[in-house]
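Peer 1: Following the hints, put chain B in place on chain A, whose structure we already have.
Residues per chain are reported as follows:
Number of protein chains: 2
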Amino acid sequence: MTGFGAAALAASKASGVFTPDIVLADDPPPFDLNTGVAPLEVIIPTVVPLVFQRVSPAAMDATIVLRITTMITNAWFDAIAPYHPTAKGVYSSIARQPQSEATLFNKNVATAYASYRVLLNVLPASTGVWRGMMQSMGLDPDDGQQNADNPIGIGNIAGISVAEERQNDGMNQLGNEGDVIYNRKRFADYTGYAPVNTAYQLNDAGRWQPDIVTMDEGLFLVQQHVTPQMQFTETYNNLNLQSFNTPPPNKSKPGLPNYKKQVDEVLAASAGMTDQQKMTAELYDNKLLSLGFVALFIAQSRQLTFDEFVQYDFLVNVAAFDTAVVVWKEKLKWDAVRPFSAVRHVYGDSPVTAWGGPGQGTVSDIPASQWRPYLQTADHSEYPSGSAAFCAAHAEASRLFLGSDALGWTVPQPMGSSRIEPGVTPQSDIDLHWDTWTAFAEDCGNSRFWAGVHFRPSIQFARPLGRRVGEKTYEFVQAHIAGNA
Amino acid sequence: MTGFGAAALAASKASGVFTPDIVLADDPPPFDLNTGVAPLEVIIPTVVPLVFQRVSPAAMDATIVLRITTMITNAWFDAIAPYHPTAKGVYSSIARQPQSEATLFNKNVATAYASYRVLLNVLPASTGVWRGMMQSMGLDPDDGQQNADNPIGIGNIAGISVAEERQNDGMNQLGNEGDVIYNRKRFADYTGYAPVNTAYQLNDAGRWQPDIVTMDEGLFLVQQHVTPQMQFTETYNNLNLQSFNTPPPNKSKPGLPNYKKQVDEVLAASAGMTDQQKMTAELYDNKLLSLGFVALFIAQSRQLTFDEFVQYDFLVNVAAFDTAVVVWKEKLKWDAVRPFSAVRHVYGDSPVTAWGGPGQGTVSDIPASQWRPYLQTADHSEYPSGSAAFCAAHAEASRLFLGSDALGWTVPQPMGSSRIEPGVTPQSDIDLHWDTWTAFAEDCGNSRFWAGVHFRPSIQFARPLGRRVGEKTYEFVQAHIAGNA
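Read top to bottom, the protein sequences are chains A and B.
Our numbering applies: residue 1 is where the first sequence begins, and numbers increase by one.
Our numbering applies: residue 1 is where the second sequence begins, and numbers increase by one.
Chain A with its partners taken away, still in its complex shape:
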């Protein structure tokens, strides 16, 4: 299960959609360090809802969320490495423990303290929550020992090492980049990125325009491009970023015939959306319900051990994290226009044929200026697609770790369960199903086009980036498991 997993649990309960058997009960029994799995049963169910509440309510800020979940799974990996016959932590080299110490109890205690130290560092405003999390397991949040001969010390060392190594990794977690001393803003941009377009005027129809977002009751805000500095953030794989490139988004050059053609493709896709496509788009838009749930499904259906679960979760998080660095470098390089801007630019107030908004179906007389994509466009530039790249990375890493392209995941979508068109879509109960990881990643990318948040080339050229990073990450994690890193 990825860091996205537990929030997926909560989301699934709230929305009434498919919930794997592994999902926690509403009133779970007290956690037992001797028999439970702390990361799965305590850490993530505490962390993820809070992350989404405080960091990214609309889950549109994948870079920050990913960084937090990656640091947590990293801390788990490093905390149990000393109990493994060969594994080596990424940011700590703790003496290997006797095999008799490799108990579930010790691994639970070590991963709990490791998580706690990372959380205090990365989400300090919620310290009270993290203390309560420890106490709920019967663990003392004030035990700060760093003796490498017991699980408390091992967990503390692992967590503190991850936090210290990562807090100045380029993401500006401390808000100190640029010699800021006073009123530091955590994760603030320090690259000086400013869009050439405003939310009110498209000065250059080839470049990114911030969207105006609303909670639908009167509060309007303008997007700021999320974390431009992700492009300068240290990768786990020490990637040679210069070798990861996308061709120029030539179809987004205003004035050329391809610009209008690309717009017409998006409008045609909008007009042609099926219930299957709409529900697929909604699922992948929510990284909890897609990347989180599919990892839950894997943990359960493949009956992963504690170690395998931690390794797999760390693997898919790092694969997506490093992919984000690559993708953000390209996003900021091209700064390309999103469909919502280009549609208005080409057609203005002229009527077009497209989806007419929630519950309206396809209409032939919607002024282009009133068109909206099926999904809210995220707060970063168009090209290449983050989602398409993340899913490609996740799929490639999963294929290699699990040794097969087989997936076999079915997600029922009850009649009317749409978040965008509640009570209307789908018109009858339907199933989404993926036989293979290949199909999973394919639909993930395509759904961004169906939903009007990406042009085709953004998806096409994102996939190879994700696949390459997924492959490298698999090698990276395997080397650390084998102790060859």
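Derived from the structure by calculation, the hints contain no laboratory data.
Keep in mind that the hints are not guaranteed to be accurate.
Unchecked claim - Simulated DEER-style distance windows between Cβ atoms:
#1 A:Pro-414 <-> B:Gln-53: 24 to 34 Å
#2 A:Pro-98 <-> B:Pro-422: 39 to 49 Å
#3 B:Gly-144 <-> A:Pro-412: 36 to 46 Å
#4 A:Lys-260 <-> B:Asp-142: 48 to 58 Å
#5 B:Gly-138 <-> A:Phe-31: 37 to 47 Å
#6 B:Pro-248 <-> A:Lys-260: 42 to 52 Å
#7 A:Pro-98 <-> B:Tyr-200: 36 to 46 Å
#8 B:Ile-212 <-> A:Ile-181: 13 to 23 Å
#9 B:Val-129 <-> A:Glu-265: 35 to 45 Å
#10 B:Gly-255 <-> A:Ile-212: 28 to 38 Å
#11 A:Glu-308 <-> B:Phe-31: 30 to 40 Å
#12 A:Asn-168 <-> B:Asp-169: 48 to 58 Å
Said to hold, decoys possible - No more than 25 Å apart at the CA atoms, straight line, and that leaves these computed lysine to aspartate or glutamate pairs for DMTMM-like:
#13 B:Lys-185 <-> A:Asp-349
#14 A:Lys-185 <-> B:Asp-349
#15 B:Lys-185 <-> B:Glu-234
#16 B:Lys-185 <-> A:Asp-365
#17 A:Lys-185 <-> B:Glu-234
What the hints assert, rightly or not - Here chain B is said to cover these stretches of chain A; the calculated rule only asks that three of the stretch's residues, wherever they fall, bring their Cβ under 8 Å from a Cβ of chain B:
#18 40-47
#19 203-215
#20 236-246
#21 352-362
#22 449-457
Beta carbons: idealized from backbone N, C-alpha and C, even for Gly.
Peer 2: Same frame as chain A, but now just chain B:
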């Protein structure tokens, strides 16, 4: 109690600050239509937390919140008018009821249905909550009768009349202004307002710049000027808007000596803030804890009757609402720069002496570019001050309604209870106290200057606007009570 009152209850419980005796118990007894006061005990406690949750989490969007609370108190006023010896509703003329019908039960039922009809109209996304609110009082949400001979029909008529008259009042509640058919955005600006400055560049140092806001964990958004169309919204008093004017904000003209002088005043105030000033600024920044709580205090200390309570609450809401129309007209006319922009413009990265941020006290070496006001600057332009005008209107209306300038309100501020500097400010238990409404309004306005969100002239020239509207509103409400409207 204003519409702000009940959220004040919740806020006070959460923050542990002063709570009047009137505050609801944590586990209130079941509401009794024969003995309770529905607006106070059920309607507001249901509505206001939801308004703040869905409409304006940071309570920075006073115009929209005010409009909702004004429509609700309007519906109450109109719903009980038929039971009053002389009163006449604003948007309905329901036949006067026999005096024997003027029971607490009937007034409770009428105000409940009136509230319900307004809420379905103005906050339709929360229909389930409003239905539940009615059911909690044992009332049938599906009883839509409009017979003027019983309290259900009277309440429905009153609420529907307010909703129908107000839904096209210029605030664009339906999102239909500008012939928008598809994907209407409720309360969207239709005036075409666009700031001349971006969040990233101050093109004109005399004009408003949107601020960048953050939840402090990585999500950054840019302000959009809230509801420019408030200036075109129908007032209750049929105000001649041309007669409400402010002189040009000459001190905000870049390049003139007064520009720097005005900036230096703000920095000096920032450097000199006392605990008393900080806590006063926090109180008035939260319209729940200030305008809401003082009205609660009045209801309780003056032992207002049901009718007096509804009249007073309607009065202070309309006073602030009409004031907002006048203030927004001037805000949009002048579009003046806020202190945070001007401070950076004058001093750039040069060190200044000012408050150094939460817990830092006054420092002498803060680069001006790192300075922040004690309070977050709200999402609208500088001149004149909304808060100063609202408080002046509220105070004037209260003076006239209550027949005295006497107030006598004390608000204890426990040591360390600051929201901005928790655990630090105030350094010991202190009391805030106002003997008179005059002192109340004076501190309200000044606190915006101490806290760095306004220059002095914005406060000075806001007050007369609010006082005049407060006076007119008193006449307006009195005329409706006397049936002379």
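Peer 1: Between Lys-260 of chain A and Asp-142 of chain B, does the C-beta distance stay in 48 to 58 Å?
Peer 2: holds, 51 Å
Peer 1: Does the Cβ distance between Gly-138 of chain B and Phe-31 of chain A fall inside 37 to 47 Å?
Peer 2: About 43 Å separates the Cβ atoms of Gly-138 of chain B and Phe-31 of chain A, which means 37 to 47 Å holds.
Peer 1: Tell me whether the statement that chain B covers the segment 352-362 of chain A is true, taking a Cβ distance below 8 Å and needing three residues at minimum.
Peer 2: Per the Cβ count (3), the hint holds.
Peer 1: Range hint 30 to 40 Å: satisfied by the CB atoms of Glu-308 of chain A and Phe-31 of chain B?
Peer 2: For Glu-308 of chain A and Phe-31 of chain B the Cβ distance comes to about 56 Å; the hint is violated.
Peer 1: Straight-line Cα separation of Lys-185 of chain A and Glu-234 of chain B no greater than 25 Å?
Peer 2: Violated, because 41 Å separates the two Cα atoms, which is more than 25 Å.
Peer 1: Quick check: does the Cβ-Cβ distance between Gly-144 of chain B and Pro-412 of chain A fall within 36 to 46 Å?
Peer 2: holds, 37 Å
Peer 1: Starting from the hint 24 to 34 Å, judge whether the C-beta atoms of Pro-414 of chain A and Gln-53 of chain B obey it.
Peer 2: holds, 27 Å
Peer 1: Do three or more residues of the segment 449-457 of chain A come closer than 8 Å to chain B, measuring C-beta to C-beta?
Peer 2: Check failed, 0 qualifying residues.
Peer 1: Falls inside 35 to 45 Å, the C-beta gap from Val-129 of chain B to Glu-265 of chain A?
Peer 2: holds, 42 Å
Peer 1: Given the hint of 39 to 49 Å, check if Pro-98 of chain A and Pro-422 of chain B actually sit that far apart at their C-beta atoms.
Peer 2: holds, 46 Å
Peer 1: Check whether three or more residues of the segment 40-47 of chain A sit with their beta carbon closer than 8 Å to a beta carbon of chain B.
Peer 2: Since three or more residues must qualify, the claim that chain B covers the segment 40-47 of chain A is violated, with 0 doing so at under 8 Å.
Peer 1: Residue count check for the segment 203-215 of chain A against chain B: does it reach three with CB-CB under 8 Å?
Peer 2: As far as the segment 203-215 of chain A goes, the hint holds, because 5 residues have Cβ atoms under 8 Å from chain B.
In summary, the structure is inconsistent with hints 7, 11, 17, 18, 20 and 22 from the numbered list given earlier, while agreeing with the others.
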